[in-house]
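Visitor: Assemble the complex: chain A is given as a structure, and chain B must be docked to it using the hints.
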Amino acid sequence: MLKLHELAVVEALLTSILSLASERRVKSFKKIIVSIGELQRFDRELLKSMLIDFLYRMNIHFEEVIVNEEPALFQCNRCGFKWDLGGIELSDYVKEAIHFLPEAVYSFIKCPSCGSRDYDIKSGRIVKVNVEL
Amino acid sequence: MSFVLGDPRVEYIRAKLARLKGVLLFVGGKGGVGKSTIATLTSFSLMSRGFEVGLIDMDLTNPSINVILGLNMADMKVIEDRGVKPINVHGVKFFSPIVFIGENPLPLRGSSVVNALRELLTISNLEDVEILLIDMPPSIKEEVLEVIRYNVKPVVVASQDPLGSWSAKRLLRLLKDEGVSNVAIVENMAMKEKAILDDYARSLSYTHLGVIPFDQEFYKTIGDVRGILASKLYSSILGITDNIINFLYV
Numbered sequence: 000m001l002k003l004h005e006l007a008v009v010e011a012l013l014t015s016i017l018s019l020a021s022e023r024r025v026k027s028f029k030k031i032i033v034s035i036g037e038l039q040r041f042d043r044e045l046l047k048s049m050l051i052d053f054l055y056r057m058n059i060h061f062e063e064v065i066v067n068e069e070p071a072l073f074q075c076n077r078c079g080f081k082w083d084l085g086g087i088e089l090s091d092y093v094k095e096a097i098h099f100l101p102e103a104v105y106s107f108i109k110c111p112s113c114g115s116r117d118y119d120i121k122s123g124r125i126v127k128v129n130v131e132l
Numbered sequence: 000m001s002f003v004l005g006d007p008r009v010e011y012i013r014a015k016l017a018r019l020k021g022v023l024l025f026v027g028g029k030g031g032v033g034k035s036t037i038a039t040l041t042s043f044s045l046m047s048r049g050f051e052v053g054l055i056d057m058d059l060t061n062p063s064i065n066v067i068l069g070l071n072m073a074d075m076k077v078i079e080d081r082g083v084k085p086i087n088v089h090g091v092k093f094f095s096p097i098v099f100i101g102e103n104p105l106p107l108r109g110s111s112v113v114n115a116l117r118e119l120l121t122i123s124n125l126e127d128v129e130i131l132l133i134d135m136p137p138s139i140k141e142e143v144l145e146v147i148r149y150n151v152k153p154v155v156v157a158s159q160d161p162l163g164s165w166s167a168k169r170l171l172r173l174l175k176d177e178g179v180s181n182v183a184i185v186e187n188m189a190m191k192e193k194a195i196l197d198d199y200a201r202s203l204s205y206t207h208l209g210v211i212p213f214d215q216e217f218y219k220t221i222g223d224v225r226g227i228l229a230s231k232l233y234s235s236i237l238g239i240t241d242n243i244i245n246f247l248y249v
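Going line by line, the protein sequences match chains A and B. Every letter in the first sequence is one number past the one before it in numbering that gives the first Met the number 0, and letter 17, counting from 1, is 16. Every letter in the second sequence is one number past the one before it in numbering that gives the first Met the number 0, and letter 150, counting from 1, is 149.
The shape of chain A in the complex, shown without the other chains (with noise of 0.2 Å):
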């Protein structure tokens, strides 16, 4: 048995491909375009290929699936420095805690400027799904 939360968010994305596809009475797609925040890390071949699989499964045809990674982004609230993950370190712990929960990051990072978690995510934290008829 697949013991991946991934299963879940791909579960997420096929309802959603699903329901345009009975709205719009289409079986098959040109273009199957998911966006992914780099906050959530997943395995974006794990992904792409359950996603391929759920939707062969399903019946439903398609020429191209991809699946691309937006960076993320942080902006601070009190100081307004702006930063990203590169040379953040992290503990196993906490990168799994964000990968369930991106969110959980304003519990393990601060502001690297003036160590507020009063910040806004500007990039990285998406599920998005783009299809092309």
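In short, the hints are calculated from the structure, not lab data. Being a predicted model, the structure only gives us computed values, none of them experimental. Note that CB positions come from ideal geometry on N, CA and C, so glycine has one too. Among the clues, some could well be false.
Part of the chain A face toward chain B, derived, beta carbon under 10 Å [to be verified]:
#	residue
1	VAL33
2	ALA103
3	PHE107
4	ASP117
Covered stretches of chain A, as calculated for chain B (at least 3 residues, CB under 8 Å) [as the list claims (entries may be wrong)]:
#	stretch
5	8-22
6	118-130
Guide: Relative to chain A, chain B alone:
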């Protein structure tokens, strides 16, 4: 032709919750009215009636049901199987953000609140759950507005003091304005036996579940599930469980 689909988690959550026998959302206009306690005790009372019960602590920035249940941090580990499995607490299937953040604070603004809430509902494995109880943070904010869109049944926990009852009425009024048709109210920590919010609930065609008397000894049982289940407060909850079940099946 190209389409950007909405957040895929929303439909997934809606379908996931619709497969359950019922979802109760414990809300309150003010903090300190006992939402978390009532939600926790209700989970055990429903389990005593044979239901498979899940309990989610959705007070993301200040989760505390783990304290009521006496769980230590060693108990709060992520178990992954088609999502995140619950922690079994004397038969209740318990989900909490504590498994991810531990004792660290979690300040959230704006869209992060909704994102975190949707993520938790998406990744929580509810396969063995029949009835889900969700404990929400106090007041009327993004979390409540988000979750009421998923066809859940809010239970407003209110106190009988003037501040508590005033807040409860405002929350009931909001739920009515948002088109939530099935709402219940329970008066908690009551100093008076007689209900004070029943007429107002009925004026909105809502359900009044009952009055839970103040149990001044209850605080001594916090952290001890066996003590909690032997408390007068739990007896009072058992006394309204028929009403809760009837409300679930409305």
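Visitor: What are the numbers of the hints that this structure violates, sorted from low to high?
Guide: Per hint list: zero violations.
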